[in-house]
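Colleague: Okay, here's what each chain looks like letter by letter:
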Amino acid sequence: MSEVLLHAEEIDKNFGVTHAIDRVTLDFFKGEVHALIGENGSGKSTFTSCLTGIYHKDSGTFTLLGKEINAHDQVDGNYQGVAIIVQEIGTLSGLTVAENIFLGKEDEFTKFHVKNTKAMNKKAQELLDSYGFNYIKATDIIDKYNFEDRKLIEIVKATHFKPQVLVVDETTTALGEKGRKELFKVMKDTKEDGRCVIFISHDLDEVLEQSDNISVLRDGVLVDTVKSSEVTTDDLKKLMVGREITRSYYRSDYGEQVSDEVVLRGENLTVPGEIEDFSIELHKGEIIGIGGLSECGMHEVGKALFGASYDRKGSVTLADGTKINDIKTAIDHSIAYASKDRDNESLVINDTIQDNICLPSLEDIKRNHVLHARDEKAFAEKYAMQMSTKMQGVHQFMSALSGGNKQKVVLARWVGKNSDIIILDSPTRGIDVKVKADIYHMMDEMRKSGKSIIMISEEISELLGMADRILIMKDGKLSGEFARSEGLKDTDLIAKMV
Amino acid sequence: MSKLQKFRQSHWYGLVLLALIAFLFWAIFKALAPQTFGDFDKLQTYLKTALYYAVGGCGLYFICVMGPFDMSVGANIVLSSVLAVNMSERFGYAGLLIAPMISGVLVGLLNGLVYIKLRISSLIVTAGLSLVYEALSIFATNGKEAILAPEYRAFGDYPGNLVLALLAFLLCAFILKYTKIGTYTYAIGSNEVVAKNMGVNVDKYKVVAFVLCGFFVGVEAILTISYGTSMTSASNLASMARNFPPLMGTFFGLAFKKYGHPVIAIVVGEFIIQLLFQGFVALGAPTTVQNIVTGIVLLAIVTLTIKPVKGAVVK
Numbered sequence: 224m225s226e227v228l229l230h231a232e233e234i235d236k237n238f239g240v241t242h243a244i245d246r247v248t249l250d251f252f253k254g255e256v257h258a259l260i261g262e263n264g265s266g267k268s269t270f271t272s273c274l275t276g277i278y279h280k281d282s283g284t285f286t287l288l289g290k291e292i293n294a295h296d297q298v299d300g301n302y303q304g305v306a307i308i309v310q311e312i313g314t315l316s317g318l319t320v321a322e323n324i325f326l327g328k329e330d331e332f333t334k335f336h337v338k339n340t341k342a343m344n345k346k347a348q349e350l351l352d353s354y355g356f357n358y359i360k361a362t363d364i365i366d367k368y369n370f371e372d373r374k375l376i377e378i379v380k381a382t383h384f385k386p387q388v389l390v391v392d393e394t395t396t397a398l399g400e401k402g403r404k405e406l407f408k409v410m411k412d413t414k415e416d417g418r419c420v421i422f423i424s425h426d427l428d429e430v431l432e433q434s435d436n437i438s439v440l441r442d443g444v445l446v447d448t449v450k451s452s453e454v455t456t457d458d459l460k461k462l463m464v465g466r467e468i469t470r471s472y473y474r475s476d477y478g479e480q481v482s483d484e485v486v487l488r489g490e491n492l493t494v495p496g497e498i499e500d501f502s503i504e505l506h507k508g509e510i511i512g513i514g515g516l517s518e519c520g521m522h523e524v525g526k527a528l529f530g531a532s533y534d535r536k537g538s539v540t541l542a543d544g545t546k547i548n549d550i551k552t553a554i555d556h557s558i559a560y561a562s563k564d565r566d567n568e569s570l571v572i573n574d575t576i577q578d579n580i581c582l583p584s585l586e587d588i589k590r591n592h593v594l595h596a597r598d599e600k601a602f603a604e605k606y607a608m609q610m611s612t613k614m615q616g617v618h619q620f621m622s623a624l625s626g627g628n629k630q631k632v633v634l635a636r637w638v639g640k641n642s643d644i645i646i647l648d649s650p651t652r653g654i655d656v657k658v659k660a661d662i663y664h665m666m667d668e669m670r671k672s673g674k675s676i677i678m679i680s681e682e683i684s685e686l687l688g689m690a691d692r693i694l695i696m697k698d699g700k701l702s703g704e705f706a707r708s709e710g711l712k713d714t715d716l717i718a719k720m721v
Numbered sequence: 004m005s006k007l008q009k010f011r012q013s014h015w016y017g018l019v020l021l022a023l024i025a026f027l028f029w030a031i032f033k034a035l036a037p038q039t040f041g042d043f044d045k046l047q048t049y050l051k052t053a054l055y056y057a058v059g060g061c062g063l064y065f066i067c068v069m070g071p072f073d074m075s076v077g078a079n080i081v082l083s084s085v086l087a088v089n090m091s092e093r094f095g096y097a098g099l100l101i102a103p104m105i106s107g108v109l110v111g112l113l114n115g116l117v118y119i120k121l122r123i124s125s126l127i128v129t130a131g132l133s134l135v136y137e138a139l140s141i142f143a144t145n146g147k148e149a150i151l152a153p154e155y156r157a158f159g160d161y162p163g164n165l166v167l168a169l170l171a172f173l174l175c176a177f178i179l180k181y182t183k184i185g186t187y188t189y190a191i192g193s194n195e196v197v198a199k200n201m202g203v204n205v206d207k208y209k210v211v212a213f214v215l216c217g218f219f220v221g222v223e224a225i226l227t228i229s230y231g232t233s234m235t236s237a238s239n240l241a242s243m244a245r246n247f248p249p250l251m252g253t254f255f256g257l258a259f260k261k262y263g264h265p266v267i268a269i270v271v272g273e274f275i276i277q278l279l280f281q282g283f284v285a286l287g288a289p290t291t292v293q294n295i296v297t298g299i300v301l302l303a304i305v306t307l308t309i310k311p312v313k314g315a316v317v318k
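Taken in sequence, the protein lines are chains A and B. Numbering-wise, the first sequence is residues 224 to 721 according to my numbering. Numbering-wise, the second sequence is residues 4 to 318 according to my numbering.
Chain B with its partners taken away, still in its complex shape (with noise of 0.2 Å):
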């Protein structure tokens, strides 16, 4: 096996790939738009946006890796943040950590719950309990925009807002390589009923899948109240919308997971759409333009880093 060969099958590859593409559009729009991309500053900012989509992209792994779907992520940080802000006026900084975590839990073990008792489809399943979440932030601010005091702001900027996120992907690394959650959550995507054989209680490992995302999802909500600073309730699964960030991360994490590192990879590929976006923002693309280029160039990083085998079932 040649040296090249050698390196291609390393953990070191996926990190030095994702580097690479993360540098290559920076060059890019650097030089298409020297002035109004790229900085140290903007960097920074791109960088902001990028860590809280990635901690929800966290959550969201758990649940992709297995085979479901969470529709209901962006219902979830709807109500974990307009909770968050109502909390934080009672408790202060604890009502702003503590509600949405715990609401984030609750969104995910009902998830869970109703997905393993009711035998239906993950997709059916959240996206009918979008609706409910949904309603129930419109309950929690009786239809009124939701504002989070400016004292309880220190998440939405550095350096609060990166430990915050730290803290969740070390979280997220450690359970995925230290626990057993971990290894039966790789075990049951990988073969449902092997997994069980093996007695993997594979119901309870879903729910406590959903019951992360959940979690994770929480934690997104409160780096973006922080620095969104405002959280409208929403309705007619107008939330829907939310839950595409994260999991273009998720998309990432799962392209690059045979190279162990799937928690860097999620950060890293929410920066690099973070770059995407904001190099179409500098050049003045329009928003049309803009999405159908990051659509086909997520496409195309996914697909050239898994290359799939021909003839491989793909579902």
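One chain only, chain A, in its complex shape (with noise of 0.2 Å):
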């Protein structure tokens, strides 16, 4: 075994009544990917926030090299050799990249308090230029950059000066392809250069390809740490959740006749930009996957089904004749949404698990035209624990709920409102195997209800798993349609999709 690079010990954290983190010691080592995983909610990010200035630790102390480090904000952390990747964006609008990149950090280029904002571009492009991303320009503000190119330009923020420890916190599920690339080539740089990557992700397989040890949490403690070369995704499951996941992840069943009753008809969407003469039938009891790369437009299909997309063109139809051009004409026909983007589009994330849920269906759950708070409360613990939702109760407000546990109010909020389609955006983005397994459960149980949902998903195993009908979409088109089959392998939607 190598040297200790750094060195956890009794690491602990509350927040409130949760207890976070509970006195988790772990060893990593140099030269060495570590992988940290478990459910939604057991304490990674918040294990690797305390170490990175994110967080402040309750007791407990992080050694690295044989130095007690205690970082009080990401900057200072950097300062001390740690540094972070998040799975959210983590740049700055209205700044260029090069301020992006040297935030909190301006005091290297300046002088009797005056900033030198040439030699600070100059620095930035180099190092961009260094990482091969010298189709960005520093000088540019950051605006201008997708999604994905801002995130490199984080990994450029958080890697140029070589940190002893980098975690790399559920960075993945941002990226496509390209950026996944370059993070993974990062990862290993960083380990062949004898320092250490904290690597958090759900995604098993991906976990198991690029780490050499795996610590697991469950509830904020530290379960067991094994070496990725000795175990299976299914002993990781095991580990995660503390028993054999019996149940099959997906629909075992095939050649199942689905129902001739269409519910719902799109007619040659077009969005300008993202989509562009799509068409669509649902039928009664039917699960449609779409899938394809990320900017192929699927995402905004959802939108466009659920009247929320601008400058749409093209028909939205139910069965009974009802055009869907607006939100609310949409919720009123029994349509919900749940989008890819949750917190910002699904959550109202400062309010409580309670009025989240109970949100679209207060006129249900008035009477006599009153809103009651009893029956506010009672409808939202009926839902929120059908959902097996991880709570304090439902006066918690959504902020201090992970990922998964977030997902789960939203699906919550909807069977609430009895909903008979269903449109889930990246249903299972960023939630661990287990609530996997309860969401791919509830979906599989509202299909045999009578219920029709539109699964988009980035997941191939998902869709070939879940979907009685998987159509794959390319450059905002259609380029194929497949139906639900045992033989069916992800390479024949992969041709579709590139």
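Hints in this document: simulated from the structure, not taken from any laboratory. C-beta: ideal position from N, C-alpha, C; glycine also. Some hints here could point you the wrong way.
[Said to hold, decoys possible] Residues from chain A that face chain B, not an exhaustive set, calculated with beta carbons under 7 Å:
| hint | residue |
| --- | --- |
| 1 | G289 |
| 2 | I292 |
| 3 | V298 |
| 4 | D299 |
| 5 | S316 |
| 6 | G317 |
| 7 | E331 |
| 8 | V337 |
| 9 | K338 |
[What the hints assert, rightly or not] What follows is a set of in silico ranges between Cβ atoms, one per label pair, in the way DEER data are often shown:
| hint | chain 1 | residue 1 | chain 2 | residue 2 | range |
| --- | --- | --- | --- | --- | --- |
| 10 | A | V571 | B | S124 | 32 to 38 Å |
| 11 | A | E432 | B | V205 | 38 to 44 Å |
| 12 | B | G70 | A | K551 | 29 to 35 Å |
| 13 | B | V205 | A | V449 | 37 to 43 Å |
| 14 | A | K551 | B | E148 | 40 to 46 Å |
| 15 | B | Y16 | A | S452 | 55 to 61 Å |
| 16 | A | K367 | B | T291 | 42 to 48 Å |
| 17 | B | S238 | A | A601 | 52 to 58 Å |
| 18 | B | L126 | A | T714 | 56 to 62 Å |
| 19 | B | K120 | A | D235 | 27 to 33 Å |
Join these two chains into a complex; the hints should help.
Modeller: See the structure below:
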């Protein structure tokens, strides 16, 4: 075993009554990619946030190369040798690329309180060029670049000074193929350089492929540390959940006849710059999967069908002839939509679980035109518990929940609304195996009860496992259609995506 | 990308657009009122007024970019102006220049500290404190009109006003581009939480923004009292009307921020507003009509420049 680079001793962190990290002691070695896995809310991100200065630990110590470190914020963490790339966007609009890369480190270019902007821009451009991102200009306002390019800029920002420990927190879900490749290259370089990467991901295949050792957290407690070469994904699932996941992830039925009854018809849908002449027919009790590369337009299809797209052309019609042109009409006619961008488009993040679940159902909850707090609470509790949401109570604020539990609240909302047509965009993005299994089970139950689902997903296995029909999109258009079949392979779908 | 698209994304586009808008309004009013509007002497007068509003607009820009707001600008101008008159009587030009700057800075400091300590809306904080500043202006003048002695009015006309205003504009542009304050002002305005995680002391820089706003408003007070020569203390929020002229320039600065020249946009923006006002005066339009048309034109210019993204949340 090589030399210990970072030693975490009895790290402890509470959020109110929630014990997020429970005295975790762990070693990270030089030249290692060390994965941290666990269910949503298991404490992975909290642990690394304490290390990198995003949160302040309650007790315990981090020792890097024999010296205790205690980061007060991310930049302070950088100076102490640790850096993090986060899942969400971590760059700031309105600033230039160079200003973003050196945010908090302006003093390196400042003399007598005057910033040498020219030198900063030059240095930033040199760094971007050295990573092979020479099409990104240091002097440009960062808003000019798309999400993926901004993630690449974040990679430069977090790694250019060669931190001893680099935390990659669930970043890969936000990246396309190009971005992942760049990220894995940076991780490999860090490892080969004798430094360490702490890698957080819910994609267990990716974890096994990229890491040397894997530590598993459950409810804030360190369960075990194993060598990647000695375990399988099933072993990891068992460690994460604490029992064998016996139920199959996906549906096991094949060849079931789908009803002929069309419940939703989208015809010649076009949204400028997003989708072009796209048509779809959803049948009663059917799950349609829509897949493709991230920018293929599939995410816009969900919005277009829900009446949430701007400048949409074409028509969306229900079985009774109702035209869906706006969100209110969609909800009033039993259509539900869960966006990929959970925090910004699906949830009222600064509000309670109760309000989030009750929001579209207030008319149904009213008694004699009056809302009763007790009824709202009972309604929210019923559906939050039906989805096994981990919470202190429905009065808890959404912002305190983990990603998986937030998604459960989104789903609880629409289950409570008893919608007949459910559009789910990336329903299991950033979600652990157990919650994934719960969501797939719920979808299957809905299907069996006659509800119709459109599932938009970047995960091919999810499409193959859950959909009755799979539509593949490329450059905003339909490029392939597949019926559910045991013989259908991921390569068949990929061939239509690229 | 076509040449036109490239040009639209360049820094020059904003400047050309501003110049065109200014020229357009000048040409329209000149055509409608050739005798009473827009000759060289009159343009100088319009610019004179635009200059002092623009100095205040520069100060407000620091706050508005971050997200809060300052409703005490008018009260600050009144208080700083009467103090400038008082101190000029004792210390001559030194008093005229230094007293309003210090007074402005102290007003800004108090605004900022109360805002971050009480953690309540900046609108409420600064509106509430405006009553205090107005009361102080009454104490400072005993309720009488403060008149600046004729020997200290050099900053009321060219070249004194231009020199002082230019120094203020250069200072504002320098702070925005060449100091950490500028970078952090934009960073906090973009995402306070991420800025905090990057080690930016958000509370400190919010106070700094209020202090800078106060300082520039103090400079505006020097120009105001020098040009107007007298100031009456205010009460019952009568000073509120003085908040809006500098704010109009700030709107232009915010709208043209993406082109990288907010200070130029503030100055030219104020000049455009003056062209509009004076154009209507030249046409003999009633004040109400002037206000309606000016308000609509201001909204139209800012809306067309920003081109909000469909579906974007605007607060």
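Colleague: Look at each hint and say if it fits the structure.
Modeller: Hints, one by one, checked against the model:
1. G289: For G289 (chain A), the interface hint is violated, since the closest Cβ of chain B sits about 25 Å away, which is over 7 Å.
2. I292: Cβ of I292 (chain A) sits 15 Å from chain B, so the hint is violated.
3. V298: 4 Å, holds
4. D299: 6 Å, holds
5. S316: 5 Å, holds
6. G317: 4 Å, holds
7. E331: 11 Å, violated
8. V337: 5 Å, holds
9. K338: 5 Å, holds
10. A:V571 to B:S124: 32 to 38 Å: With a Cβ separation near 20 Å, V571 (chain A) and S124 (chain B) fall outside 32 to 38 Å, so the hint is violated.
11. A:E432 to B:V205: 38 to 44 Å: 40 Å, holds
12. B:G70 to A:K551: 29 to 35 Å: 31 Å, holds
13. B:V205 to A:V449: 37 to 43 Å: 42 Å, holds
14. A:K551 to B:E148: 40 to 46 Å: 58 Å, violated
15. B:Y16 to A:S452: 55 to 61 Å: 57 Å, holds
16. A:K367 to B:T291: 42 to 48 Å: With a Cβ separation near 43 Å, K367 (chain A) and T291 (chain B) satisfy 42 to 48 Å, so the hint holds.
17. B:S238 to A:A601: 52 to 58 Å: The hint (52 to 58 Å, Cβ to Cβ) holds, given that S238 (chain B) and A601 (chain A) are roughly 55 Å apart.
18. B:L126 to A:T714: 56 to 62 Å: Once the Cβ atoms are compared, 60 Å apart, the range 56 to 62 Å for T714 (chain A) and L126 (chain B) holds.
19. B:K120 to A:D235: 27 to 33 Å: For D235 (chain A) against K120 (chain B), whose Cβ atoms are near 31 Å apart, the range 27 to 33 Å holds.
Hints 1, 2, 7, 10 and 14 from the list above are not met by this structure, while the remaining hints are.
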